[in-house]
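Let chain P serve as the given structure and place chain S on it in line with the hints.
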Amino acid sequence: ETGVTQTPRHLVMGMTNKKSLKCEQHLGHNAMYWYKQSAKKPLELMFVYSLEERVENNSVPSRFSPECPNSSHLFLHLHTLQPEDSALYLCASSQDPAAADTQYFGPGTRLTVL
Amino acid sequence: GQQLNQSPQSMFIQEGEDVSMNCTSSSIFNTWLWYKQDPGEGPVLLIALYKAGELTSNGRLTAQFGITRKDSFLNISASIPSDVGIYFCASLGGAQKLVFGQGTRLTINP
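Chains P and S are the protein sequences, given in the same order.
Everything in the first sequence is counted per the working numbering, starting at 1 for the first residue and increasing by one.
Everything in the second sequence is counted per the working numbering, starting at 1 for the first residue and increasing by one.
A few of these clues could be false.
Simulated pairs of lysine-lysine, DSS-like, Cα-Cα distance not exceeding 30 Å [to be verified]: (1) P:K18 / S:K97; (2) P:K36 / P:K18; (3) P:K40 / S:K70; (4) S:K51 / P:K18; (5) P:K22 / P:K36; (6) S:K97 / P:K36; (7) S:K70 / S:K51; (8) P:K40 / P:K19; (9) P:K22 / S:K97; (10) P:K41 / P:K22; (11) P:K19 / P:K41; (12) P:K40 / S:K97; (13) S:K97 / S:K51; (14) P:K18 / P:K40; (15) P:K22 / P:K40; (16) S:K70 / P:K19; (17) P:K19 / P:K36; (18) S:K97 / P:K19; (19) P:K36 / S:K70; (20) P:K41 / S:K70; (21) P:K18 / P:K41; (22) S:K97 / S:K70.
For the record, the hints were derived by calculation from the structure and aren't laboratory data.
Everything numeric in this text was worked out from a predicted model, so none of it was measured.
Only chain P is shown next, with the shape it has when bound in the complex (with noise of 0.2 Å):
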């Protein structure tokens, strides 16, 4: 059992719309990262907290917007996606920031983007 949960599984949301993933985990860990995954490229790391402070902003675009509002739970809320953000998007946590390279990763959300 992975330790990190993410819901949904699988999002299907049009361009206009508003929607929320969620990530939880029960490892006591103190930091949480964002990933996108989209077929045939690298993982992307997004976001990571720490202490539920944003320690981290990839360059990603504004209708991503993360919520940190403890060490256990991370939020992604997006807004006004485009097809192109249409990918896996995996959370996953470690004791702290500098132990990245002990990652645990959640099962992620897959996103449609119509």
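Only chain S this time, still in chain P's reference frame:
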């Protein structure tokens, strides 16, 4: 930026065969990681390497950290159906951010 070039992109093998894949970069890294991603799941860490020249095994998997610190390989011996999936190399880039290769998709014919 830092990039990892992983090859081959895909492999089609018979059950029982050995598998070898590698990852190269023009940059020097101090850490090499190998992940496996099953369909519908997130990546899972298989092996972590922290020292140039290091050779580490995890069951039928063996990985090595190249002595130039610019490459790494992963071998799988006597492949079985559950080895199917996508294998990623990764390393720690600047500011402790993970940089990933493009992945090697492994398909096994029974």
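These are the hints, each one checked on the structure:
1. This hinted pair checks out: K18 (chain P) and K97 (chain S) have alpha carbons roughly 29 Å apart, not beyond 30 Å.
2. Only pairs whose Cα atoms come within 30 Å are accepted, and K36 (chain P) paired with K18 (chain P) is accepted, the gap being roughly 18 Å.
3. Our distance criterion of 30 Å between C-alpha atoms is met by K40 (chain P) and K70 (chain S), whose separation comes to about 22 Å.
4. Restraint check for K51 (chain S) and K18 (chain P): the C-alpha separation of about 46 Å exceeds 30 Å, so the hint is violated.
5. For the proposed pair K22 (chain P) and K36 (chain P), the alpha carbon gap of about 14 Å is at most 30 Å, so the pair holds.
6. The hinted pair formed by K97 (chain S) and K36 (chain P) meets the criterion: a straight-line CA distance of about 14 Å does not exceed 30 Å.
7. In summary, the hint linking K70 (chain S) to K51 (chain S) is supported, as the alpha carbons are separated by about 12 Å, within the 30 Å threshold.
8. For a cut-off of 30 Å, the pair hint linking K40 (chain P) to K19 (chain P) stands: about 25 Å separates their Cα positions.
9. Of the pairs offered as hints, the one joining K22 (chain P) and K97 (chain S) holds, with about 22 Å between alpha carbons and a cut-off of 30 Å not exceeded.
10. A distance of roughly 23 Å separates the Cα atoms of K41 (chain P) and K22 (chain P); the hinted pair therefore holds under the 30 Å criterion.
11. Restraint check for K19 (chain P) and K41 (chain P): satisfied, since their Cα atoms lie roughly 24 Å apart, inside the 30 Å limit.
12. A distance of roughly 20 Å separates the Cα atoms of K40 (chain P) and K97 (chain S); the hinted pair therefore holds under the 30 Å criterion.
13. For the given pair, K97 (chain S) sits about 18 Å from K51 (chain S) by alpha-carbon distance, which is consistent with the 30 Å threshold.
14. The hinted pair formed by K18 (chain P) and K40 (chain P) meets the criterion: a straight-line CA distance of about 27 Å does not exceed 30 Å.
15. In summary, the hint linking K22 (chain P) to K40 (chain P) is supported, as the alpha carbons are separated by about 25 Å, within the 30 Å threshold.
16. Using a Cα cut-off of 30 Å, the hinted pair K70 (chain S) and K19 (chain P) is violated, with the two alpha carbons roughly 41 Å apart.
17. Our distance criterion of 30 Å between C-alpha atoms is met by K19 (chain P) and K36 (chain P), whose separation comes to about 16 Å.
18. Between K97 (chain S) and K19 (chain P), the direct Cα distance comes to roughly 27 Å. Compliance with the 30 Å bound is thereby established for this hinted pair.
19. For the suggested pair K36 (chain P) and K70 (chain S), the alpha carbons sit about 25 Å apart, so the restraint of at most 30 Å is met.
20. Restraint check: the Cα-Cα separation between K41 (chain P) and K70 (chain S) comes to about 20 Å, which is no more than 30 Å; the hinted pair holds.
21. The suggested pairing of K18 (chain P) with K41 (chain P) holds, with an alpha-carbon distance near 26 Å, which does not exceed 30 Å.
22. Proposed proximity of K97 (chain S) and K70 (chain S) is supported: the alpha carbons are some 17 Å apart, at most 30 Å.
When the structure is compared with the earlier hints, violations turn up for hints 4 and 16 and for no others.
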